[in-house]
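Chemist: For reference, the chains in residue letters:
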Amino acid sequence: MQTNSKRVLNREGARELTPQEVVNISGGARTTTVCTFDPTTKTVDGDVGEC
Amino acid sequence: MKVVIVALANDNHTAPLKWALEQAGYTVACWAGVGWKEGRQATLCCNGGVGMVLGAHTVDPGDVVWIRRPNPPLTNPNVAAPDKAFAEEEYRWFSLSVMYLLEHLPVRCINPYSASRAINNKAVQLCLAARNGLNIPATVMTNAPAGVRDMFKDSSRRKVCKAFFPHIWKKAGSEALAVTETFEIAAEALPEDEVLTYAPAIYQEMIVKDYDVRMVLLGSTVYSFSLQTPNGALDWRQEVGQGQVTIEEVATPSDVERAVLAFAEEARIEFGSFDFAVDQEGRWWFLEVNEEGQFLWLDEFNPAVRIQEKFLAFLTLPKGSAREEIERKQKEFPSWKEYCQSPMKEQVPEEGNLAAPILSVEP
Chain A
1277 MQTNSKRVLN REGARELTPQ EVVNISGGAR TTTVCTFDPT TKTVDGDVGE
1327 C
Chain B
35 MKVVIVALAN DNHTAPLKWA LEQAGYTVAC WAGVGWKEGR QATLCCNGGV
85 GMVLGAHTVD PGDVVWIRRP NPPLTNPNVA APDKAFAEEE YRWFSLSVMY
135 LLEHLPVRCI NPYSASRAIN NKAVQLCLAA RNGLNIPATV MTNAPAGVRD
185 MFKDSSRRKV CKAFFPHIWK KAGSEALAVT ETFEIAAEAL PEDEVLTYAP
235 AIYQEMIVKD YDVRMVLLGS TVYSFSLQTP NGALDWRQEV GQGQVTIEEV
285 ATPSDVERAV LAFAEEARIE FGSFDFAVDQ EGRWWFLEVN EEGQFLWLDE
335 FNPAVRIQEK FLAFLTLPKG SAREEIERKQ KEFPSWKEYC QSPMKEQVPE
385 EGNLAAPILS VEP
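Protein chains in written order, with the numbering used here: chain A, 1277 to 1327; chain B, 35 to 397.
Quick caveat, the hints were computed from the structure, so don't treat them as lab data.
The beta-carbon is built from N, C-alpha and C at its ideal position, and this holds for glycine as well.
Among these hints, one or two may not hold up.
[Stated by the list, open to error] Residues from chain B that keep clear of chain A, each with C-beta distances beyond 10 angstroms, as calculated:
id	residue
1	F120
2	R191
3	R192
4	A212
5	T214
6	T216
[Stated by the list, open to error] List time: in silico DSS-like cross-link candidates among lysine-lysine, alpha-carbon distance up to 27 angstroms:
id	chain 1	residue 1	chain 2	residue 2
7	A	K1282	B	K205
8	B	K365	B	K36
9	A	K1282	B	K187
10	A	K1282	B	K204
11	B	K118	B	K156
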């Protein structure tokens, strides 16, 4: 992990999702995950504490 | 007795559980939280006794109230602009009045709102966990650079960093996302002091784990499930999102069960989803608890779990019912799989909860 930017530490350690991973979590498979995020509608399905 | 669920009727857990309760002959009332529209209005009457009406439903003695996911108050958009701030504050205070009053009515609240708010705090969780006999990783929560560096002085143990609350960053003009997750960090990778003050964070000794455990607390009973990911992920949440997790029920060590029940008693919660890491010596380490945690995904990954039926048995049995009673009663309810195969599932409109508080757009 590179921490040479001025971003917060948790952004440096955040997980970058591949396009396929984004499709997987936003595919509307409700309740199959602890937290589903739909980047189109900017909505989450789940308790955000679980994301 | 009816079951009042404080959540939108199309919430991902409310819809299947309402359906299953009704299949078993129970009356269910859903109420999403205070709002200006008729279905979300509320009335409190304090006149000798106390009465409460939530939307079209009265709250009656003996009811079970599951505070699943109260929605933020919704103010009438037609309020005059100079009154908007006042109206929003009044709605907020009224909403809190409703939520905090519930636990003082002759009903069973799962969980009492005041308990939920307190235990939602990660520092409180770790304090109660340690006090009640659970192993916890050494942890520092700080925005002080000296505090961070002091934690990292001991290089004999690996460290992780995590956020207090999840967040998602979206690249402008792209579908690419970055989501917070627990990550390992070494002392030499720490940024300069000023950056450490940009946001407080949780720094924790890393547990080198054999596997993770999700435990579901149902009153005086706990059910534990091992979570195994192909690459032994440090944070399994995104692996679940990718469908890459194997779930099996595991026995809870008796000392862990005793400690969790003591924790729950002190926290005044009857229901919660606990996360543990189990190390290579078989020791269970408490990581966190979510008092509103999702649980039906356990049934999705392993239908033998039957957590939907267990939860509904717990909800409709008297407080403190034993494991045997829950497992006897659970047979009255249809399963998550049966819900998925029912026409009802297709009739429930998809939910959409505002993600704005956890979403940032970056260039």
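Chemist: State the violated hints by number, sorted upward, taking the hints as numbered earlier in the document.
Modeler: 4, 5, 6, 11
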